[in-house]
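Undergrad: Residue numbers (my numbering), protein chains in the order written: chain S, 1 to 282; chain P, 283 to 752.
Accuracy of the hints is not assured; some may be wrong.
Think about it this way: if two alpha-carbon atoms lie no more than 20 Å apart in a straight line, the pair counts; the simulated SDA-like pairs of lysine to any residue are [what the hints assert, rightly or not]:
hint: 1; chain 1: S; residue 1: Lys-82; chain 2: P; residue 2: Ser-419
hint: 2; chain 1: S; residue 1: Lys-114; chain 2: P; residue 2: Val-527
hint: 3; chain 1: S; residue 1: Lys-119; chain 2: P; residue 2: Val-527
hint: 4; chain 1: S; residue 1: Lys-114; chain 2: P; residue 2: Arg-525
hint: 5; chain 1: S; residue 1: Lys-119; chain 2: P; residue 2: Ala-523
hint: 6; chain 1: P; residue 1: Lys-371; chain 2: S; residue 2: Pro-94
Below, a sample of chain S positions facing chain P; criterion: calculated Cβ distance under 7 Å [unchecked claim]:
hint: 7; residue: Leu-4
hint: 8; residue: His-11
hint: 9; residue: Ala-16
hint: 10; residue: Leu-19
hint: 11; residue: Ser-218
hint: 12; residue: Arg-219
hint: 13; residue: Pro-222
hint: 14; residue: Ser-227
hint: 15; residue: Ser-228
hint: 16; residue: Met-231
hint: 17; residue: Asn-232
hint: 18; residue: Arg-260
hint: 19; residue: Glu-267
hint: 20; residue: Val-282
Source of the hints: derived by calculation from the structure; they are not laboratory data.
Note that CB positions come from ideal geometry on N, CA and C, so glycine has one too.
This is what each chain is made of:
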Amino acid sequence: MVRLDILHSNHFTVTASGLVLNDGIVQTVSNPETSAQSGSVLSVLSLNRNRNRNRNRNRNRNRNEDAGTHGGILEPWKERDKLHAMKADWIDLPVPLPPSPEMLRADAKELLIKQALRKTEPESNRIEEILREANLELSGYLRPLGIEGFSGFEATERLFYVVIALTDEIGLRYKDRYNVVRPNQIEPRLNPLLPNPPHQSYPSNHSLQSFSVAFIFSRILPEHPASSELMNSARRIAENREWAGVHYRSDTEAGYQLARMLTPCLERVCEDQMLAALAEWV
Amino acid sequence: MNIENPLPASETYPSYDALWHLKTLGVLAADSAPNGWSVERCDPPTRVAIIDTSVAVEHPNLVGVVNRDLSLDLFSARLGSFSCFMDGKQPIGNLPLEWETDISDGLPHARRLLTEFVDRLSIGSTAHYRGIKPCVSPTFSTHGTCVAGLVGARPSIAAQVDITGHISQLPLPYMGVDPTCEIVQISTNFDPHPESLLLAFLYAHLIKADLILLPRAIPDPSRIVPELTDVMVGQQDLQQATRRVPLKPEEKEMWTELAQLIVAVSKQCPVICAAGNANEENAIYPANLATDHNGIISVGAINAKGYRSSYSSPESATVFAPSNDAEVFDRVEVRLDEMRPDYDAVGVPDTNSNHKFSSFDVIATDVPGRGGYSSSPFQQEYPDMRLREFGSYFCRFGGTSAAAALVCGFLSLAISTGRLVKSDGLVAKAWLLANSHLISSDTGDMMMPSWTGTPEFPDGPQTVCRVGAI
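Put together the whole structure using the sequences plus the hints.
TA: Below, the structure written as structure tokens:
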């Protein structure tokens, strides 16, 4: 039933200090149609005065360059505890089964083409990206958001590190299950730009981690104009691993699928970190 | 900032009614009574499909508003998991869908998806697609909760626990434009891939929505404004030359089909879109698809003084609706908040639009607790919907998202009260324009929906704003 009578005898007023119910008086009534009984002031309500509607704040470029992007984090044991408590939610997600050897050989042929194109001018800047992205660093995620090198976004950076750390473990478990060999073990003519990581190929952890960061950020601030661009950045990072010769296209796609399906679990595991990050933006 | 001579007006923000936007639209009278309509619910209720983020369905002002059987999440599962089903293995019932639709005729990718989708939605399928949970934590459902509340929130009585542990009844005198409507939330992720949005519009059509609200942009790489395909750099157009990830031919075809599908759907039911918050000349996509020949309604924002909100382009909107304002300091306009404590008049041109700035925001329902735009000081709310505070349940909101939600609610109320017969998008748009008022200003004319014919703006002065019925 719709009770419009509630509006007749009560009202919210927006004041400079917050939202006030019935002129600051608690409405402690059994029947709201009647009386406004006096009581204590309910609360001073924090209303967000954010007016930027998706624009970044003007942050000072005064951060210690060594902090954050290169510093890493302490082991996120609290979040890992939560993750393990929710194991049933992520251990058996319906990732497509890996390709057969025949399919992998076809995929590896595509990687040979990429290897050849890597030397051409339009693709030459990938090499620098690949080398930079080989290790854990955040510039690929922070730059699309416009906060690389800015102070005031430490919680956002920490969230990204936590997501990367947790999804690393998850990805390793799926890799171990499917036990797919690396591309140059299928196609010896491949000359990877990087040494093979010491674990299996499917799914790609770079893909899983990058897309997880992008999906989680889009849950925090979907209206940010860069939410979609962060997805493009994640895809670029993921596909660069194909250009490096260490992952098949199917690895990238499986990482994407797994990241998408994991987000409902991760948003609960990382809720505290996500809220801390959100506070830096609104 | 001049510390020695603080501005006398500093921080003297006026207080205002949290439902001012409903009174400006004429839906509520000055005493908050319905303005010439009653709450007798039409049966079935007007169905509004909102394509946005997830929504906090347990918000006390949204209880009974969101359809828990039909709301679908397309964020995590490709073909969707039903948002409100706790048991993912529970079979869905016999959904009353538009099974025999021809909406995808001529759209091969959409048709392929529709075939898969119809199979997934058929009786006996599980609530969670392939066991994948929906991505709908209320903590991170802010935008969807704000928008849903503006459309269809209902006044409610909640239980509140005070510091002595005493439980009392707490009125929450807040409502959306149409408190009798039913909202089906269709949540998607923000991956710039067309599939989820194709499915979202197909689903809105399948459930026979009376209205579709899209309070966001769609990241179609070819249609993000400004479009780049008309500028050549060497042998490539600028869009191709600057893309970080190549666009696959199939994706390009699907994006094109999405645009065609939105237009086709809009001819059957109105699609209300936000026009954009950055003065986009011809609105963001897909609001910029609005023409006289389809049912897409592009909505801009007007502030509580009756001026176009500084961020809302004068050319881009079919109609304008109440929202907040923003400061601007550029060659086109200088509109600054002189009440801001650090306001500095140095460098501000003598000829400015500061008088047009309004500090009023639109108040919306917010995610209860720590999440959302307004945060609770408590780590956890009490169980059983007992409130510890109500500050986190509402927030300041604005932009053309808010304005679009209000226009959607306005149309919904018109259908619910019988002023507008359920109709196709073109008829509904024509009705909306016929029930709007022309507001003229030095930056152009605006049409604003008005329930009564006499828009009133609470932040004045209204004399600069000439209002007249058309």
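Undergrad: Each hint needs a verdict: does it hold in this structure or not?
TA: To see whether the hints hold, each was checked on the structure:
Note on Lys-82(S) and Ser-419(P): the hinted pairing holds, with a Cα-Cα distance of about 16 Å set against a maximum of 20 Å. For the hint pairing Lys-114(S) with Val-527(P), the CA-to-CA distance comes to about 14 Å; that is within 20 Å, so the pair holds. Between Lys-119(S) and Val-527(P) the alpha-carbon distance is near 18 Å, which keeps this suggested pair within the 20 Å criterion. The suggested pairing of Lys-114(S) with Arg-525(P) holds, with an alpha-carbon distance near 18 Å, which does not exceed 20 Å.
Restraint check for Lys-119(S) and Ala-523(P): the C-alpha separation of about 18 Å stays at or below 20 Å, so the hint holds. Of the pairs offered as hints, the one joining Lys-371(P) and Pro-94(S) holds, with about 14 Å between alpha carbons and a cut-off of 20 Å not exceeded. This hint holds: Leu-4(S) has a C-beta 5 Å from the nearest C-beta of chain P, less than the 7 Å allowed. Among the interface hints, the one on His-11(S) holds; its C-beta lies about 6 Å from the nearest C-beta in chain P, closer than the 7 Å criterion.
Evaluation of the Ala-16(S) hint against chain P yields a held restraint, the C-beta minimum of about 5 Å falling below 7 Å. For Leu-19(S), the shortest C-beta to C-beta distance to chain P is roughly 6 Å, which falls under 7 Å, so the interface hint holds. Checking Ser-218(S) against chain P by beta carbon gives a least distance of about 4 Å; that is within 7 Å, so the hint holds. Taking 7 Å as the C-beta contact cut-off toward chain P, the hint placing Arg-219(S) at the interface holds, the least distance being around 4 Å.
Annotation: interface hint on Pro-222(S) holds; nearest CB of chain P at approximately 5 Å, less than 7 Å. Evaluation of the Ser-227(S) hint against chain P yields a held restraint, the C-beta minimum of about 4 Å falling below 7 Å. Interface restraint check: Ser-228(S) against chain P, minimum CB-CB distance 4 Å, threshold 7 Å, status holds. For the restraint placing Met-231(S) at the interface with chain P, the shortest Cβ-Cβ distance is roughly 5 Å, inside the 7 Å limit, so the hint holds.
The interface hint given for Asn-232(S) holds, since its Cβ lies 5 Å from the closest Cβ of chain P, which is under the 7 Å cut-off. Residue-level restraint check for Arg-260(S) holds (minimum Cβ-Cβ distance to chain P is 6 Å; threshold 7 Å). For Glu-267(S), the suggested interface contact is upheld, since its CB lies about 5 Å from the closest CB of chain P, less than 7 Å. About 6 Å separates the beta-carbon of Val-282(S) from the nearest beta-carbon of chain P, less than 7 Å, and the hint is met.
Checked against the numbered hints given earlier, this structure breaks none of them.
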